[in-house]
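Protein chains in written order, with our numbering: chain A, 1 to 474; chain B, 475 to 725; chain C, 726 to 1002.
A few of these clues could be false.
Distance condition first, Cα-Cα at most 27 Å in a straight line; then the derived BS3-like pairs of lysine-lysine [what the hints assert, rightly or not]:
(1) K415(A) <-> K874(C)
(2) K503(B) <-> K555(B)
(3) K415(A) <-> K947(C)
(4) K874(C) <-> K529(B)
If you want the footprint, here are the derived chain A segments under chain C, 3+ residues with CB under 8 Å [stated by the list, open to error]:
(5) 130 to 140
(6) 149 to 157
(7) 326 to 337
The set of hints was computed from the structure by calculation and includes no laboratory data. Note that the structure is a prediction, hence the values are computed from the model and not measured. Heads up, the beta-carbon is just placed ideally off N, CA and C, and yes, glycines get one too.
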Amino acid sequence: MAEEFSPKKKTYVEDIERTLYDIRDEDRSAYKTHSGLTKDIILDISKRKHDPEWMTEFRLKALETYNSMPLPTWGPDISELNMDEIVTYVQPDAKMTGNWQEVPEDIKNTFDRLGIPEAEQKQSLAGVGAQYDSEVVYHSIQEDLVKQGVIYTDMETALWEHGDIVREYFMTLVPPKDHKFTALHGAVWSGGSFVYVPEGVHVEIPLQSYFRLNAAGAGQFEHTLIIVEKDASLHFIEGCSAPKYNVTNLHAGCVELFVKEGARLRYSTIENWSRNMMNLNTKRAIVEKDGIIEWVSGSFGSHVSCLYPCSILHGENARCEFTGVTFASKGQNLDTGASVIHAAPHTSANINTRTISKAGGAATYRSAVKVTRNAPFAKCSVNCESLMLDSESRSDTLPVMDIEGDEADIGHEAKIGRISDEAIFYLTSRGIDEEEARAMIVRGFVEPIAKELPLEYAVEMNNLVNIELEGTMG
Amino acid sequence: MSQLLEIKDLVAGVEGKSILKGLSLSVGKGEVHVILGPNGSGKSTLMNVIMGHPKYEVTGGSIAFEGEDIADLKTFERAKKGLFLSFQTPEEIPGITVENMLRTAKQAITGEKVKIVPFRRQLKALMEELKMKPEYAERYLNVGFSGGEKKRTEILQLLMLNPKLAMLDETDSGLDVDAVQIVSEGVAKFHNEENSCLIITHNTRILEKLKVDKVHVLMNGEIVEEGGPELIEEINSQGFTHILDRHSEGK
Amino acid sequence: MEKKIFSRIPMRTWRWLGVNEARAPENIDSEIKNKQILVERETEESLVLTHREAGSYEVQIHLEAGARLNLVLAQLTPADAAYTCRVRAHVADGAELHYTVVEAGAHETVTELYVDLVGKESKADVWGLYLGDGDERIDMNYVIRQSGKLTDANMQVRGALLGESEKIFRGTLDFLEGSTGSVGRENEEVTLLSPKVRNRSVPIMLSHEADVDGHHAVSVGKMDENKLFYLMSRGLDLAEAQRLVVEASFRPVLDRIADTALQEEIDTFLMRRLANG
């Protein structure tokens, strides 16, 4: 008889090993607002954060916008989210410091487990920011970068020490009226990182900010603002995680990236929120002449995610490279993708994504490529591939291309399917057992993305893709 | 002494359609056998069945390798026993590099951890002999390879994994003269008195450097004629029809 | 007055792109010209529908097991016409729908195609062609739902836009749970021939079944310069060369029209408009 490795047998990928992320600290916050969202709460947050006056006004205006806006009519169901139950501001019992020894022990232990201080010590990071709930508890940057004029600090410090710059840029690229959750962000934002790289300065080693949400039922609304001046370059890494709770947590962060003429910014994210997180995050970059934005985005965690980093190619020859991987498992609805707006001649973009869905998870690739009339000779190529490991899961692809003018060159390609039986046969015919062959193929599927990740994250991602085959063989 | 490969009365097919209809064939140790036959006669099916492709259903007969019935073995177990198939159209597998695949396979077959330095040295040397650029080791398996590059990669695997029986399914088809030369030198380098070859070909050039022991003519799922290397000559000049005629007269 | 929604995509996206729904023209004659086609079990039928008048059309197709329909629909309404057409097809076990549609006329064209591949081994082979010029608006929403096992969907669309025309093409392949072993292919190629055109393409692929093989591709752009150069090196001027290249991209669709008189009529009609553009 022919052997029984039925080609229709399903592959099961074990759930991501989350123990590391799931260790939660006792809630010892110094202060928490009441849950819900009112003018008083906003005023309270603003006062406690010692906002300058313009920021208090900004928050109140954003709150009005929030109240006047409807929920989105597309995308995953977010009806489980009840804003009246979300605590928008949780102040940790710690002061911002540049010395890990001064960080309270349990908080420091959390970041130790996540490997942050270790990476910093090994000099694989040139600067580190660590946020715990609503406030940044640690920030540091290498001395030689400071000498070159590089600023890397928490948003609160930036608001006072570099107020003019912040005011010039803050929420200009992602205005509160963009959608309901950016309005919310504008009203309650807290924490996040501010990076300023002066003209011509190359930050050779990455900076990393890590966002950790410990409090149950809370929201995290950090704001990341990065300005890379003319001919400068930077690699910024963002990591996020949270322990699992039975109540809904909300993440509505905002990232604004300004890439000036001839500058280059690589923005890498590994998101591994727990499965009770609503991750409604907004990221946008504006790229001037000859500038380059590179996004590397890994979405593994959260219950619901809506994440579509947007690149506005504003100057001639501006370029965007987007690389993304999404892994949706049981109880997850991950709606991810990218958008690119070509607004100047000869702009170009490459979007390359992989999604895997399994065990009833739903993964959606959603994108928009817009070529305006001002962007002759725009070039964009999109490639997205989806792998489904079983039929309980969903995998959807919904790209839109909107092209004006006749000088554009736009290509889009998408594939959906399962692991090919012929590929399995080929590998097993070389002596590799079926289980390992499947694992190799799944790892190979995400490899083009994994190789763009910083090494430790690539290793982590490979660990996430641990394969188990249903039943025994033969 | 028992044969290396012994197939008896093999009946196999796909989706209820029978393709091999009681085929018998045996290959001794150290021998080189050639299978000839018109398109659709079942040559590739035979090799896939020997290798244990799950698409094909075996409904009769037996396949023994080194005296042991292998019909119940899974594909990777057959590979570990020393069977190797050089595919007619090798799969493209994105994300897995040639080197990674070979190292994993070698480890699986030998059951020992492969030492990276000698492994790389051997790989590099063989690639050089097969006139493959060294960067191909780091490329994804067959992805974007030309026909000739794919076949050379198959031969590279043959030489690295060093099986007891090499089945070559039209390894020389679609190749230019130089490429056939490289491939046939590769096969000649592989072959010695300790291993055997079973070759499907339309091209005699690949056989020039080998001593062919036996030729089997496969038609309509059966072996209709067996003989020495002279059969190749005969078919090249007269085609298959006269053999079919002879066969039906014989019946 | 808000225009009436005529058709929607199966999964919504950002509103600012304006592709979630197709709206019927304001001045449309709402009386529906209905056509029903039933092809009985194990029979084959070939049919040509030529729509030459403005208005609202509907075509309902029911293919019984093993039936085969070759349907050609040519829309050649006058240049000022408002036109809508809704085609729905039910395809049973082993039945095949071969559908060729040419959207060549009308000032405003809004169409919907819904094919349900319900039967095992049912098949839909859809080839569409559109040409927009002047300030024409073409809005299409094609959906093939694959619910049977081993179904086969193929959606091939070719188009060209001239003048200040605008077009939206939404093409969905929807693999429902249980459509094991099904395959789907979707491909749109659009040639843009004027700086004032606007093209929106929405290739959607939805899947609730792992054992499928789906693929879609879109290419939007101006003409291949190498092809143009080649033709011009043989003595053609730019306009002639362009016309030839567009015609070549239309060819696979036009060749499916067996009625040579109609094929010629459409060809002439398209070429005249291309020449004027």
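Taking the hints in turn, this is what the structure says about them:
no., hint, verdict
1, K415(A) <-> K874(C), "19 Å, holds"
2, K503(B) <-> K555(B), "14 Å, holds"
3, K415(A) <-> K947(C), "25 Å, holds"
4, K874(C) <-> K529(B), "18 Å, holds"
5, 130 to 140, "violated (count 0)"
6, 149 to 157, "violated (count 0)"
7, 326 to 337, "violated (count 0)"
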